[in-house]
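Engineer: As a plain string of letters, each chain reads:
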Amino acid sequence: MVRFSEEQMTEFKRLVARYPEGKQKSALLPVLHLAQDSFGGWLSSETMDYVAELLQITPIEVYEVATFYSMYNLKPVGKYMFEVCQTGPCMLKGSDDIIAYIGEKLGIKPGETTQDGMFTLKTVECLGACGYAPMMQLGKHYREHLTKESVDAIIDECRKTAVNLN
Amino acid sequence: MSKKLLLEKAHVEGIRYFDVYRREGGYRSVEKALKEMSPEAIVEEVKKSGLRGRGGAGFPAGMKWSFIAKPEGVPRHLVCNADESEPGTFKDRYLMEFIPHLLIEGLIVSSFALGSNDTYIYIRGEYAWIVNILEQAINEAKNNGFLGKNILGTGFDCNIHVQRGAGAYICGEETALIESLEGKRGNPRIKPPFPAVKGVWDRPTVVNNVETLAAVVPIINMGGDEYAKIGVGRSTGTKLISACGNINKPGVYEIDMTISVEEFIYSDEYCGGIANGKKLKACIPGGSSVPILPANLLLKTAKGETRYMNYESLADGGFATGSMMGSGGFIVLDEDQCVVRHTLSLARFYRHESCGQCSPCREGTGWMEKILKNIEYGKGKMSDIDLLWDIQRKIEGNTICPLGDAAAWPVAAAIRHFRDEFEWHVLNPEESQKRNYGLAHYADPIHVPVG
Chain L
1 MVRFSEEQMT EFKRLVARYP EGKQKSALLP VLHLAQDSFG GWLSSETMDY
51 VAELLQITPI EVYEVATFYS MYNLKPVGKY MFEVCQTGPC MLKGSDDIIA
101 YIGEKLGIKP GETTQDGMFT LKTVECLGAC GYAPMMQLGK HYREHLTKES
151 VDAIIDECRK TAVNLN
Chain R
1 MSKKLLLEKA HVEGIRYFDV YRREGGYRSV EKALKEMSPE AIVEEVKKSG
51 LRGRGGAGFP AGMKWSFIAK PEGVPRHLVC NADESEPGTF KDRYLMEFIP
101 HLLIEGLIVS SFALGSNDTY IYIRGEYAWI VNILEQAINE AKNNGFLGKN
151 ILGTGFDCNI HVQRGAGAYI CGEETALIES LEGKRGNPRI KPPFPAVKGV
201 WDRPTVVNNV ETLAAVVPII NMGGDEYAKI GVGRSTGTKL ISACGNINKP
251 GVYEIDMTIS VEEFIYSDEY CGGIANGKKL KACIPGGSSV PILPANLLLK
301 TAKGETRYMN YESLADGGFA TGSMMGSGGF IVLDEDQCVV RHTLSLARFY
351 RHESCGQCSP CREGTGWMEK ILKNIEYGKG KMSDIDLLWD IQRKIEGNTI
401 CPLGDAAAWP VAAAIRHFRD EFEWHVLNPE ESQKRNYGLA HYADPIHVPV
451 G
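Residue numbers (UniProt numbering), protein chains in the order written: chain L, 1 to 166; chain R, 1 to 451.
Incorrect hints may appear among the rest.
[To be verified] Partial pick of chain R residues on the chain L-facing surface, computed with a CB cut under 10 Å:
#1 Asn132
#2 Asn187
#3 Gly304
#4 Leu333
#5 Thr343
#6 Cys355
#7 Gly356
#8 Pro360
[To be verified] Pairs of lysine to aspartate or glutamate, DMTMM-like flavour, derived with a Cα cap of 25 Å:
#9 Lys370(R) with Glu53(L)
#10 Lys109(L) with Glu376(R)
#11 Lys148(L) with Asp334(R)
[What the hints assert, rightly or not] Here are some chain L residues pointing at chain R (derived, C-beta under 7 Å):
#12 Lys23
#13 Lys25
#14 Leu29
#15 Glu64
#16 Thr87
#17 Met91
#18 Leu92
#19 Gly94
#20 Gly128
#21 Gly131
#22 Lys140
#23 His141
These aren't lab readings, by the way, just hints derived from the structure by calculation.
Beta carbons: idealized from backbone N, C-alpha and C, even for Gly.
Turn these sequences into a full structure, and let the hints steer you where they fit.
Structural biologist: Put into structure tokens, the structure is as follows:
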């Protein structure tokens with residue numbers, strides 16, 4: 001059963017308190033981020049129903065939002081998700097090669113997760129790092145100026161679980 | 001050297017923290033505005049400054065503020081649009097990351113001018129670490145009496161809240177942003193009613209870009225008239241340009257809009273020239289939505305005059321031979337880049353980001369991507385080029401929000417200026433898989449564009 005811990009509940013209440021009384025639905029996007037971070041990196045239907053109950057809205061109101069925004073994962077993802085930008089400015093700086101290299105190195109295609117559940121490769125659209133391309137998001141941080149060598153180093157870092165995702 | 005109003009102090013050590021920012025002269029505009037000025041006088045100064053919205057549309061900020069409705073007993077809200085998502089644009093990120101108190105200072109003054117006691121920053125979800133930077137700055141401002149109840153003893157209450165989006169370009173459109181702030185899908189609203197009358201929770205709302213709100217600080221400090229003296233014509237003040245692509249020095253630059261495009265690209269003070277000694281092929285000067293220009297039309301207008309980095313000059317010639325200042329996302333393509341491939345990448349972006357509400361955009365963006373893919377991968381027909389032109393024309397102007405136009409313009413401009421490159425792909429399906437078309441005649445000053 002999914003339930004926020006006491007600490008997560010305090011954060012939930014802080015988020016809801018930012019909006020006028022009766023407008024608690026406004027907290028839906030931040031609460032879904034909190035839920036995704038709290039319950040294994042993705043939103044199960046059980047998690048979404050729980051969020052609906054907490055915010056006193058109908059489950060469909062949660063589903064329609066969760067399916068609209070690209071940052072919510074609707075199925076399990078790897079412990080480390082490489083979100084590599086592929087839009088124009090990154091493409092000009094060789095993002096296609098970086099995506100292919102990561103795929104080859106991990107043996108997966110974009111959208112897939114390695115069998116050991118360690119890595120997911122995901123292509124994303126412009127993340128606002130165009131001057132520092134090619135780039136990827138890893139957890140809450142950006143990894144920029146990617147080269148094959150730096151990708152190797154990041155994968156090694158992850159394997160040694162020395163990566164801070166927050 | 002351009003005058004710097006926003007980033008002058010961005011590299012002072014510790015400027016991210018309140019004490020250093022304050023020591024460097026920060027929060028003076030809050031003292032001046034709240035203690036010496038009326039809200040109406042602040043709006044008047046912003047009007048006089050000629051400040052235009054820095055998010056992309058370039059609408060006069062003071063005029064936008066003056067539209068806000070003031071029904072008795074209904075709270076009003078200021079919302080800061082930090083959903084920076086236009087490909088090529090990363091200036092707001094830079095400002096928030098390096099000098100967050102400048103935005104907070106601008107927000108306090110603007111909230112006072114508009115009568116907003118609860119102000120929201122809607123920031124794109126991927127800028128997760130910047131949320132922490134902003135919240136820390138907000139807490140510091142609060143602890144020092146610049147936010148919260150009875151600010152500086154003036155009786156004005158204001159709180160600033162940061163809300164993270166979750167990955168949707170469309171939420172940079174102000175009514176989609178408002179929907180998202182209310183916890184809904186980012187489907188833009190039909191206007192009217194405009195947000196100034198019915199915005200978030202049906203209350204009067206002003207939505208402004210990060211850079212626009214930061215610019216309020218120097219406007220209050222120096223006065224609107226002085227601010228208007230910087231720049232040229234209706235391009236007043238300074239503008240942040242984020243430069244990327246095949247240049248030597250990508251990054252964020254503050255310019256005063258009097259420099260030429262040529263100086264911006266080739267001067268060591270800015271982009272430092274094209275990387276690896278290559279030649280300039282094309283440029284998208286204002287974020288991916290604005291028309292791409294070949295080198296010849298970028299550096300000089302169709303009349304042969306020098307083109308400058310300001311709203312009017314970049315737009316000189318309309319869409320036939322000009323482009324737009326847009327968000328200031330300056331994307332440079334060198335001679336080795338393929339315009340078809342780059343246009344395909346942008347078409348995929350817009351297909352991915354269409355909210356799906358209006359059929360011309362929902363269906364049209366998908367069709368454009370498919371056709372461009374065929375041309376790029378050697379499976380295109382000559383008639384596909386005209387079909388693309390036809391589709392983009394039928395999207396433009398036929399949707400609730402400007403995303404449709406934003407998706408149509410890059411395709412239209414690519415065909416308008418680079419039609420021979422598209423034709424070459426169709427006529428040479430095998431060769432086009434092995435090499436790029438190259439520079440051809442695009443850098444030739446006598447090249448006259450089609451259409």
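Engineer: Evaluate each hint against the coordinates.
Structural biologist: Here is what the structure says about each hint:
{"no.": "1", "hint": "Asn132", "verdict": "9 Å, holds"}
{"no.": "2", "hint": "Asn187", "verdict": "9 Å, holds"}
{"no.": "3", "hint": "Gly304", "verdict": "29 Å, violated"}
{"no.": "4", "hint": "Leu333", "verdict": "6 Å, holds"}
{"no.": "5", "hint": "Thr343", "verdict": "9 Å, holds"}
{"no.": "6", "hint": "Cys355", "verdict": "8 Å, holds"}
{"no.": "7", "hint": "Gly356", "verdict": "9 Å, holds"}
{"no.": "8", "hint": "Pro360", "verdict": "20 Å, violated"}
{"no.": "9", "hint": "Lys370(R) with Glu53(L)", "verdict": "42 Å, violated"}
{"no.": "10", "hint": "Lys109(L) with Glu376(R)", "verdict": "21 Å, holds"}
{"no.": "11", "hint": "Lys148(L) with Asp334(R)", "verdict": "23 Å, holds"}
{"no.": "12", "hint": "Lys23", "verdict": "6 Å, holds"}
{"no.": "13", "hint": "Lys25", "verdict": "4 Å, holds"}
{"no.": "14", "hint": "Leu29", "verdict": "5 Å, holds"}
{"no.": "15", "hint": "Glu64", "verdict": "6 Å, holds"}
{"no.": "16", "hint": "Thr87", "verdict": "5 Å, holds"}
{"no.": "17", "hint": "Met91", "verdict": "5 Å, holds"}
{"no.": "18", "hint": "Leu92", "verdict": "5 Å, holds"}
{"no.": "19", "hint": "Gly94", "verdict": "11 Å, violated"}
{"no.": "20", "hint": "Gly128", "verdict": "4 Å, holds"}
{"no.": "21", "hint": "Gly131", "verdict": "4 Å, holds"}
{"no.": "22", "hint": "Lys140", "verdict": "4 Å, holds"}
{"no.": "23", "hint": "His141", "verdict": "6 Å, holds"}
Consistency note: the structure conflicts with the earlier hints numbered 3, 8, 9 and 19.
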